[in-house]
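Visitor: Sequence:
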Amino acid sequence: AGSPREIAMTEALDRAEAALASSGDGVQSAVHRSIAFVTDRYHEKFAASAVAEHCGLSRFQFSRNFHSTFGITFREYLLRFRIREACRRLAAGEQSVTGIAYAVGFHDGSYFARMFRRYVGVLPSQYAARRDDTTRSDG
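With my numbering, letter number 38 in the sequence shown gets 1243, and the count goes up by one each step, no holes.
Where hints are given, some of them may not hold.
Label-pair ranges, simulated between beta-carbon atoms [stated by the list, open to error]:
| # | residue 1 | residue 2 | range |
| --- | --- | --- | --- |
| 1 | R1238 | Y1307 | 34 to 42 Å |
| 2 | F1251 | G1276 | 20 to 28 Å |
| 3 | R1210 | Q1266 | 26 to 34 Å |
| 4 | F1251 | S1315 | 18 to 26 Å |
| 5 | S1301 | G1261 | 37 to 45 Å |
| 6 | G1326 | G1298 | 15 to 23 Å |
| 7 | H1272 | A1241 | 13 to 21 Å |
| 8 | E1258 | Q1331 | 33 to 41 Å |
| 9 | S1273 | Q1331 | 29 to 37 Å |
| 10 | G1326 | H1272 | 22 to 30 Å |
| 11 | V1327 | A1255 | 28 to 36 Å |
Everything labelled a hint here was simulated from the structure, so no lab data went into it. C-beta atoms are modelled at their ideal positions from N, C-alpha and C, and glycine is treated no differently.
Construct all of the structure, not just a fragment, from the sequences and the given hints.
Guide: Laid out in structure tokens, this is it:
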């Protein structure tokens, strides 16, 4: 399952990704391309203006249309996407917390920890330990 914060974060991402299934044209289709951009490059550092350019829109058009299409800002979507990916990697237990932070696009460990706690409700190390405890009790 997950914490209420984690569930809310995941639901927002799921809604955005479900919107991709709906056929859109023009600006909406261009904004949908930003989701594929994030999926491919979430681990890289990039500005929203680069994504807007990728979508063939001005930064203003992109920001306005992304928010109206998905109900959250692009920055918020990117943060949630990265945190969800960090949760997945922490659950797998294959990397250190710091390694995961960098692998999902955070370049400052303390910022990663703050954002993770904001969205998930616990620190990344606590999340990993909780997953470890669950795995040990299952085995």
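Visitor: Confirm or reject the claim that S1273 and Q1331 have a C-beta distance inside 29 to 37 Å.
Guide: holds, 36 Å
Visitor: Go ahead and decide if the range 13 to 21 Å is satisfied by the Cβ distance of H1272 to A1241.
Guide: holds, 18 Å
Visitor: Cβ-Cβ distance between R1238 and Y1307: within 34 to 42 Å?
Guide: violated, 26 Å
Visitor: Mind checking the hinted window 28 to 36 Å against the Cβ distance between V1327 and A1255?
Guide: holds, 32 Å
Visitor: For the hint 37 to 45 Å, verify it against the beta carbon of S1301 and that of G1261.
Guide: holds, 39 Å
Visitor: Regarding G1326 and G1298, is the given constraint of 15 to 23 Å on their beta-carbon distance met?
Guide: Check passed, 19 Å falls within 15 to 23 Å.
Visitor: Does 18 to 26 Å hold as the CB distance between F1251 and S1315, or does it fail?
Guide: Holds, at about 21 Å.
Visitor: Quick one: are F1251 and G1276 within 20 to 28 Å, going by C-beta?
Guide: Check passed, 22 Å falls within 20 to 28 Å.
Visitor: Go ahead and decide if the range 26 to 34 Å is satisfied by the Cβ distance of R1210 to Q1266.
Guide: holds, 31 Å
Visitor: Should the hint that G1326 and H1272 are 22 to 30 Å apart at their CB atoms be regarded as holding?
Guide: Between G1326 and H1272, where Cβ atoms are some 25 Å apart, the hint holds.
Visitor: Between E1258 and Q1331, does the beta-carbon spacing fit 33 to 41 Å?
Guide: holds, 39 Å
In the structure shown, a violation is registered for the earlier hint numbered 1 alone.
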